[in-house]
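*Asks:* Sequence:
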Amino acid sequence: MSHLCRFFIANLLIHIPILTEQDVGDYETMVKAKKRLLACAMVYVAARYVPGCKTIQTMLLADILTIIKPLPHGCDEETRWTNLQALAVLYNWAVPLDLASRTDSDRSNPVLQYDALRAPIETVARQCSLHRAAEDLATSLEQHHNDLDVHQTIAFRKYLFWLWLFGVVHLRSLWARSPPSIQPDSSIRSCRRLLQNHFHDDQVRRILSQVELCLIWTHPTHREWWCSLPSENDLESTLAVLKDMDEALESWRRTWFPPDQTRSNKSQSHTIDFQYCFSRLCVSAYVTKLHQLLASARTSPLVTLSLITKTIERASQFSRLFLGLRPLSKSVVRFGPEDTFAMLTLGCHYVLCAHRLLADADIVKPGHLSIVRSMAELMVELGIDSKHSGRVYGESLLGSLPPQLQATQPNTSYWHASPSQPPELQSPEVERTVSASSKVWTCSQPVNAGPPGSRQLFEVAAALDQVWPFSAVSMRDKHTPLPRTALWTSGETGTQAGQQSQQPMAVAPSATGPDVIGLGFDYDGSAPLIYAPGDESISYTT
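Read in order, the letters of the sequence shown are residues -20 to -1, 1 to 522 in mature numbering (1 follows the signal peptide of the UniProt record, and there is no 0).
Among the hints, a few may not be true.
List time: in silico EDC-like cross-link candidates among lysine to aspartate or glutamate, alpha-carbon distance up to 20 Å [as the list claims (entries may be wrong)]: (1) Lys14 <-> Asp43; (2) Lys269 <-> Glu227; (3) Lys310 <-> Glu375.
Since the hints were derived computationally from the structure, they do not count as laboratory data.
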């Protein structure tokens, strides 16, 4: 298994900034260093990407269950920390829930889902007191005048881990449009002050930039962005607040990626680039929905149309960033977390839905559709197998393209597409004007309003809002039956559906296959949990 550890270090380590080369090594070395579970997690994830290694995943399944299982009381700090690192590896490469509902799985190759791993990693993080790591770091900063000494303390590493976990949880909740399970407190908001002397470190800078990007969404006026109910604000004040939010994104870009900055590691920088573009897309989609909720029949339909147009353009910019990467950088993304492809798919799906719903308005241009097609073909090419998110999402997008695009010859230039400028974080296009009555977003180019009226456009905006959060159901053919739901069963051999117990178990959509599709643990106890097909969305088992 040492060769898989080396494969992980060479290809996947770059995608998880809380681990360094000092934390890892070949399998035998890590076992001697009492890091066997971390090594097993690395091997388990790496085996997914190496042909002929799926049997190794099956062999390691018992160890993976041990990692997910709640730690016994009284275990030492070193054991907790190693277990937390192993959970981070599994959580970073977990499968999005909607993707798991589209892929078949079996007992020998279960699907590790976000929700199955979120509770374990957050529980162990709490047991390790990561939420208090900022206090310990502040004490270390007072005791150590040498930055290198502080960098090597466990308080420093715990604090970075806590910040990383907050960022990952928030971005995945943004993609799923659900409340994040880790809310920012003063320890998170103080990250720049506590780590100001470590900005030169690529690991620190990458984590800090992600955290500050997420903190933009925590302003009191829009911190409940996942809720689609209209707020108490009027239309003008709501749009003004969201304009400020968009300006905060531009300020973030200037702070962390100024135009004259030379990036030391291009491969690492692309991850935060994607997150920035995805955040801009979500901001635009969010303001479009709020405008639809607060607007009246007297509101000009051109404003709604401009907001939709802006969202389409941002979705295309997101895809163009990816298509403009060098071929080697595109290949690097293949080994990253699978939610990268989920974020890209959300933008592409928005463009396709807008094309279908607003064909008469002619705001989705042939160039937008061509970008979606190139993006879909590239994702299919990057997919390592039929279950990889790149392959699944790419094929779904190709199947959703207009018939005239599906019938033409495949575009083979997406691997070698080169933009006129390097794929850096460029300043957003001019996109806002100030009217006499309010500050609203308008399109930089005039749009053809076409036949739609206000009411029709509001209905279209509401329909487009259903694209976010992205769901496999939204791209499925109407004649394809919905996937069966699943229940958790506990015990070594499981129990039959319908039996009642004292404790409710978590549920999640099931794959179409009849067998087990996921695994986890009951965090009220220690019994192993597995998914099984069911007919109800909530079930109780023993």
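*Asks:* Work down the list of hints and note, for each, if the structure agrees.
*Replies:* Consistency of the hints with the structure:
1. Taking the CA atoms of lysine 14 and aspartate 43, the gap is about 14 Å. The hint holds against a cut of 20 Å.
2. For the suggested pair lysine 269 and glutamate 227, the alpha carbons sit about 19 Å apart, so the restraint of at most 20 Å is met.
3. For the hint pairing lysine 310 with glutamate 375, the CA-to-CA distance comes to about 18 Å; that is within 20 Å, so the pair holds.
In this structure, every one of the numbered hints holds.
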